[in-house]
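Protein chains: 2
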Amino acid sequence: MRKIKITGCAAVLPDGGKVKFGSQTRYRLQKGQTLLDLAERAAMGALCDAGLDIREIDLIIAGMATPLQAIPCNAALIHERIAKGTDIPAMDINTSCTSFITAFDMAAYLTDSGRYKNILIVSGDTASAALNPKQRESYELFSDAAAAFVVSGTDEDSGVLFAAQKTWSEGAHDTEIRGGCALESAFEMNEENRDDYYFDMKGLRVLRLCAHNLPSFFEKSIKSSGMSFDDIALVIPHQASKALGYIMPRLGIGKDKYIDRVKDYGNMISASVPFMLCAAIHENKIRHGDNVMLTGTAAGLTCNILIFRY
Amino acid sequence: MRKIKITGCAAVLPDGGKVKFGSQTRYRLQKGQTLLDLAERAAMGALCDAGLDIREIDLIIAGMATPLQAIPCNAALIHERIAKGTDIPAMDINTSCTSFITAFDMAAYLTDSGRYKNILIVSGDTASAALNPKQRESYELFSDAAAAFVVSGTDEDSGVLFAAQKTWSEGAHDTEIRGGCALESAFEMNEENRDDYYFDMKGLRVLRLCAHNLPSFFEKSIKSSGMSFDDIALVIPHQASKALGYIMPRLGIGKDKYIDRVKDYGNMISASVPFMLCAAIHENKIRHGDNVMLTGTAAGLTCNILIFRY
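Residue numbers (my numbering), protein chains in the order written: chain A, 1 to 310; chain B, 311 to 620.
The shape of chain A in the complex, shown without the other chains (with noise of 0.2 Å):
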C-alpha cells in the first residue's frame, strides 16, 4: 500500500450558472467568471476543509483536461491566485478527464516515500468555453465545475492498494479539440475550419471502444488487486454520460454500488470523479477504513483504475 490519506476537499460549481435540458441540470461558468475563480475556490474550500494554511502545502498539482493557457501550465495559474509569494512547486498531471485518478496515484508516490507531506491537488474544467451549440449531445451534456483535494502522507491504514491504466488511441479523435493550440493555432482559424476550434465528440465511437476494451481490463485489474467487487464500499466512476447505467453492469458493479449523478451534474470532465469523491465523503457514504475504486473513462481513450483505502 502506498500510504496517502485524504485531509480535506472541495467542489465547487459557478454562481448562477445553472441550465436546464429537459429533466437534465448542467452548470455553466457567466460572463466574467473564469475556471481560475472555481479553482480558487475549490482550492480554498480543500485547504478549510483540511484546516491547513497554503504554506503548509508542498505541491501544487493541477489535474485538468484543457489548458487554461498554452504556456505557463495551469498549475502555475492556480499557484498565482493561491500561492503567490511562496516557492511551492506546481505541476500538471493530465490524462485528460481521468486527472484527478492519475494525480492522486501519482501522489501517493510522493506521500508514501516521505517527499512531500501535504499535496493540494485542483482539477476542473470549462466545457463551455468550447462547446459547440450544433453538436446537441455534447452541448447538453457539459457542466463547468472545479474541485480540490489536499492529500497527506500519513501513518494510518489508508493509501492506494491499486491502480492501473490504459490508454487505446484507436479513440484519439473520438472526443477532442482539434484547433487552438499548437496543430492548429488561433491564427488559422476561417469560416470553414471553425468548427475544428469547437470540442467535438463522437458519443457512439467512444461507447463501442469502451464496451469493446473495459470488460477485460476491469477483469484483470480486479484479479490482479487480489480483491473483488465484495471488498469494495464504492465505485466512484467518472461521469462521462448517461451510458454510465449501461457500462457499470458490464463491468460487474452493480447499481447499488456506483454514484451515477449525471442528471443533476452532467460530465464535469477532470472534476467529475473529485467531486463526487468529496461529496461521498461529506454525506458520510464512504468511511475510513472502505476501499474505495476511483475509475473512469478519458479522451485518449484513456481508461483508469484506482483502488484506496480511505
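Honestly, the hints are just simulated from the structure, not real lab data. Be careful, since some hints might not be right.
Listed next, the in silico BS3-like pairs over lysine-lysine satisfying Cα-Cα at most 25 Å (straight line) [stated by the list, open to error]:
| hint | chain 1 | residue 1 | chain 2 | residue 2 |
| --- | --- | --- | --- | --- |
| 1 | B | 512 | A | 84 |
| 2 | B | 394 | A | 220 |
| 3 | A | 117 | B | 530 |
Got chain A sorted already, so can you dock chain B onto it with the hints?
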C-alpha cells in the same frame, strides 16, 4: 536512490529548418511538418537506441510545455503515432520548459517501485507556432525540436539521488501565451487582442526573478543533496537564453562544468534538457557512474534541480 537507468535516447531537429540570426542558429518546422512528426522520429529513435520495440514500453509520458490540442493530452496523440493498437498508458506531465526533468523525476518513482519496467518520455515544442515577429528577443531565441528517452528499472547503481522544484508565481505572466485556450479562446481573437495569441516573454523580468531566487535555492539543494559541485561531473541546464553564462557562475557552476549551446540551437523549450543530455551521452561526455545534474527555469516561474547517477 530511486533506481532508474537511461536505456536509449534520440534528439531531432526539423528537416531543412535551419535559420540564422547573426551568429545564432535556430531551427523552425517547415510547412507541412508538425511537432508530432518530430516527436514520432525522436520516440522511434530512442526505442531504436534502446533496442526495444514499442510493445516493450509500459508507459508513454509527454513531458512538453505546450498543448498540441486542448483535448486529448499530448501523450495520447503521440501514442496514436507510435503505439496505436496497443494499450500502453499515456500521460502528460507539464512544468513548462522543465517538463522533461519533472517527468524523469516522476518516472523514477515508477521504475524504482517496480510499477513499470520501461518508460518512454517524449519532449518537444514548436515555439515557431506562436512566435511574434514584432518581439525580436523571443523571435530570435527559440527553436523547434524534440527529444525522447527510454528509461528503465534497474539493479545497477544508477538512479535519482536528489530532486527539488520551486515555483514563484510572481513570474506567471513573464513568459506566456495568453490566448488560444480556455481563458481567452480562439473565438475571442480580434484585431486588438491579436498579440495575446503570440508567445510573450519579458526577458529582463525573468532574469531578475531568477537572480533573486535561484542562488539560495541552489545553495539549499546542494546542501540537502549531501554533495558538492565537485561530486557532479556535468550540469545540463535548460538552454534558456544567452544569460546562461551570466546565471551559472552565480549558482557556483563553473564554465567547464555545464553545457551551453544556445548559440547553436537556441531555446528548444521542453526539448532543451533532453536534447543536450542525449548529445552528452552520445558524445561520451558522461560515463556510467558519473553524477549528472539536470536543471532549468521554466515559465511559471519554476526551477527544477535533479541529480542522478548515470
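Each hint, compared with the structure:
A C-alpha spacing of about 19 Å is found between residue 512 (chain B) and residue 84 (chain A), which places the hinted pair at or below 25 Å, so the restraint holds. The straight-line distance between the Cα atoms of residue 394 (chain B) and residue 220 (chain A) is roughly 21 Å, inside the 25 Å bound, and the hint therefore holds. Using a Cα cut-off of 25 Å, the hinted pair residue 117 (chain A) and residue 530 (chain B) holds, with the two alpha carbons roughly 19 Å apart.
Of the hints listed earlier, there is not a single one the structure fails to meet.
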